[in-house]
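Construct all of the structure, not just a fragment, from the sequences and the given hints.
Just so you know, the protein sequences line up as chains L and P, in that order. Note that the first sequence covers residues 43 to 434 in our numbering. Note that the second sequence covers residues 43 to 434 in our numbering.
Quick caveat, the hints were computed from the structure, so don't treat them as lab data. Computed from a predicted model, the values in this text were never measured in an experiment. Careful, some of the hints might be misleading.
Any copy will do: because identical chains look the same in the list, a pair fits if it lies in one copy or spans two.
[Stated by the list, open to error] In silico BS3-like cross-links for lysine-lysine, where the CA-CA straight-line distance does not exceed 27 Å:
1. K167 <-> K69
2. K70 <-> K167
3. K213 <-> K171
4. K75 <-> K268
5. K58 <-> K93
6. K122 <-> K95
7. K58 <-> K104
8. K213 <-> K70
9. K427 <-> K75
10. K171 <-> K69
11. K171 <-> K70
12. K69 <-> K213
There are 2 protein chains.
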Amino acid sequence: MENFNFYSPTEFVFGKDRAVEAGHFVKKYGGSKVLIHYGGGSAVKSGLIGKVKKSLDEAGVKYCELGGVQPNPRDTLVYKGIDLCRAEGVDFILAVGGGSVIDSAKAIAIGVPYDGDFWDMYSGKPVGKALPVATVLTIAAAGSEGSGDSVITKEDGMLKRGTGSDLLRPKFSIMEPTLTQTLPAYQTACGATDIMAHVFERYFTNTTEVEITDRLCEAVLLTMIKETPRVIADPDNYEARANIMWAGTVAHTNICGVGRQQDWNSHGLEHELSGLYDVAHGAGLAVIMPAWMEYVHKHNVMRFCQMATRVFGCQMNFEDPEATALEGIHRFRAFLKSIGMPINFTELGAREEDIPALVEKFGIGDGRTGGFMQLDAHDITEIYKIAAHASL
Amino acid sequence: MENFNFYSPTEFVFGKDRAVEAGHFVKKYGGSKVLIHYGGGSAVKSGLIGKVKKSLDEAGVKYCELGGVQPNPRDTLVYKGIDLCRAEGVDFILAVGGGSVIDSAKAIAIGVPYDGDFWDMYSGKPVGKALPVATVLTIAAAGSEGSGDSVITKEDGMLKRGTGSDLLRPKFSIMEPTLTQTLPAYQTACGATDIMAHVFERYFTNTTEVEITDRLCEAVLLTMIKETPRVIADPDNYEARANIMWAGTVAHTNICGVGRQQDWNSHGLEHELSGLYDVAHGAGLAVIMPAWMEYVHKHNVMRFCQMATRVFGCQMNFEDPEATALEGIHRFRAFLKSIGMPINFTELGAREEDIPALVEKFGIGDGRTGGFMQLDAHDITEIYKIAAHASL
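Put into structure tokens, the structure is as follows:
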């Protein structure tokens with residue numbers, strides 16, 4: 043196990059009818075003038091924004107608002123948010139929505155107290171200061187409600203880049219599983235795929251003897267395999283929604299990723315897909331991640347056997363371990379298909395002829411990208427090719 | 043799943059050579075005058091206290107010290123600590139030791155800013171205020187480094203009582219697995235038993251459909267079953283020590299216990315044992331917990347089957363589920379024996395003739411105590427009797 047620091051100070055406020063507590067918690071964590079940040083009209087139409095405003099009113103907290111966050115949230119709205127916050131004297135950002143809204147809120151939180159362009163922090167500069175952020179989560183997926191991470195897309199060139207800092211960890215996150223019950227099945231499945239991907243990015247490691255984090259990763263994956271089909275079949279299954287929602291947080295606070303080298307190449311490869319085609323991040327991951335697994339499995343066949351047996355219930359083939367490894371990957375892809383996810387470029391709406399452009403945008407040049415298995419431009423091309431043609 | 047709040051703001055500083063960072067972290071969390079609180083001389087002799095002092099000196103933080111915390115920490119030393127802190131103007135308590143030292147530190151932290159007797163908070167009064175506490179952990183066991191709990195023994199009558207508050211969650215906890223390598227095998231095994239017990243107290247619940255927390259509980263248990271025999275066989279196995287140490291924290295921050303009713307009757311029953319005989323808490327749990335399981339297993343045979351198959355690798359007996367349940371309990375007790383734990387009163391140094399006194403001290407009267415299965419005085423007597431005579 044490697045040395046690590048783990049710090050997850052977010053207060054999670056989980057369960058039925060919790061959004062009415064937003065005002066209380068904003069006050070508890072020192073907010074006096076709030077930006078309510080949200081996406082499309084659904085948070086307004088459903089009455090959620092109204093409920094949050096009422097709660098802020100009752101707590102005596104002032105607010106202004108900015109909607110319009112899109113999936114793969116854009117820098118353009120972030121600039122607008124920064125200007126608004128400065129003009130209104132906002133000291134606290136409350137994101138009401140899913141990962142995109144929360145990531146956009148974190149970017150605004152970075153930008154308000156920063157003299158230069160907030161994009162500096164998405165180009166490698168460490169975050170020095172940020173307004174406090176909190177969330178009312180409406181989609182179980184990104185884990186942004188418990189993480190210090192944020193990913194933003196620069197509209198000019200559709201460049202998708204991320205940043206991270208403990209300063210961006212939300213002060214509190216209100217998590218009402220009922221709010222996710224209105225999500226269409228496709229978006230629910232995209233979220234589930236993202237949650238599983240967050241675990242796999244940590245699971246495939248070259249660090250040995252990390253049983254506790256291995257087992258915690260497997261706990262989240264096993265939960266997702268049990269609960270996801272239940273919400274696809276019955277969107278109103280509160281218990282399954284609740285299990286998925288908490289699993290999504292556990293998957294990304296990093297409690298199951300500490301002390302070990304992590305990968306994240308699948309996320310990198312996917313970012314180019316959703317950047318170019320504006321597809322859902324989870325859908326892109328469903329296409330990329332099993333392809334990445336197929337390409338890298340020989341790097342450590344036994345680790346894939348562990349996944350296959352412990353997570354996907356395969357019987358170990360002791361005469362042919364590689365067969366077990368491949369069976370595990372096959373079962374993962376079949377699971378994704380079963381919950382309605384695309385598994386190749388055609389189903390995703392991507393084009394094989396764009397692969398050179400995707401590789402170019404990945405920006406690896408003659409270098410390699412680290413992680414479980416180091417990849418160069420040739421490797422990345424091959425993974426995109428597997429993803430293009432995959433079938434069950 | 044039930045509604046819950048989860049808040050674990052402790053910064054965990056984990057790995058090799060981290061104690062030298064104590065000064066930096068005390069300063070980061072606002073301490074200017076520290077009480078270094080510790081147990082016997084081993085923390086001094088090993089050079090750990092010296093290392094911590096040097097680190098505080100280098101950070102320009104003043105300190106005073108109070109050693110002498112015993113296992114099952116006493117109120118008498120807490121009073122001494124409160125007086126010392128008030129006299130010296132201490133604003134930060136740094137516990138260097140295991141669960142007993144940390145629990146004592148938390149009690150002092152409660153007592154310093156409180157006008158009355160700190161014992162009030164161990165008699166049901168909520169904690170209103172507390173000095174900040176931090177830890178340098180030397181034993182993987184109690185989970186007190188990440189929890190808001192504290193248990194103190196009142197010397198007059200050897201009454202063992204607990205309190206809990208988010209205010210008692212440590213600001214930071216330095217966790218060096220190497221510090222646990224000098225522990226005798228018996229104490230190591232006591233710690234491992236305590237860790238497993240913290241999980242089982244949460245695992246046995248009447249709340250249904252809590253797959254994520256079930257799986258997280260099982261993750262910790264599976265890790266303990268793999269790693270504990272390795273450190274008993276080889277005390278210097280850093281990797282096994284590290285896995286156990288992080289498992290001990292995960293077991294008790296409550297991340298695997300949220301949203302579900304919990305039990306804690308085994309801890310209650312054990313507190314009377316270690317109160318009366320001053321035996322190690324983990325050893326008492328090794329005797330009590332399997333006995334409790336045997337007594338209550340009929341309350342939910344399928345939950346015990348889940349434990350038996352998922353945690354102890356039993357094959358499910360579909361014709362006779364109860365046989366599987368009992369086999370799981372048997373394997374747990376055999377595991378405890380294999381790591382050197384006592385499994386009955388004789389091995390623990392307890393006496394069957396004291397059972398009426400133990401039940402009396404438990405103080406249940408004509409009432410019942412809640413949890414997985416409600417217990418009355420008769421039930422408790424029967425559990426102690428099973429514990430008295432248990433064998434493999």
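Hint check results:
Within a single copy, K167 and K69 get their C-alpha atoms only as close as 31 Å, which misses the 27 Å cut-off; across copies the closest is 25 Å, which meets it. For a Cα distance limit of 27 Å, the shortest separation of K70 from K167 across copies, 22 Å, qualifies, whereas the shortest one inside one copy, 31 Å, does not. Taking the shortest Cα distances, K213 and K171 sit within 27 Å of each other both inside one copy (15 Å) and across copies (21 Å). Within a single copy, K75 and K268 get their C-alpha atoms no closer than 42 Å, and across copies no closer than 51 Å, so neither meets the 27 Å cut-off.
In this homomeric assembly, K58 and K93 come within 27 Å of each other (Cα to Cα) only inside a single copy, at 14 Å, whereas the closest approach across copies is 49 Å. Within a single copy, K122 and K95 get their C-alpha atoms as close as 21 Å, which meets the 27 Å cut-off; across copies the closest is 50 Å, which misses it. For the identical chains of this complex, K58 and K104 are intra-copy neighbours only, at 25 Å inside a copy versus 47 Å across copies, given an alpha-carbon limit of 27 Å. Taking identical chains as interchangeable, the C-alpha atoms of K213 and K70 lie at most 27 Å apart whether they share a chain (10 Å) or sit on different chains (18 Å).
In this assembly of identical chains, K427 and K75 lie within 27 Å of each other by CA distance neither inside one copy nor across copies; the values are 50 Å within and 62 Å between. Taking CA atoms no more than 27 Å apart as the test, K171 paired with K69 passes in both settings, with 20 Å inside one copy and 19 Å between copies. For the identical chains of this complex, K171 and K70 are neighbours both inside a copy (20 Å) and across copies (16 Å), given an alpha-carbon limit of 27 Å. Proximity of K69 to K213 under the C-alpha cut-off of 27 Å is found in both arrangements, the shortest distances being 11 Å within a copy and 22 Å between copies.
Of the numbered hints stated above, those contradicted by the structure are hints 4 and 9, listed in ascending order.
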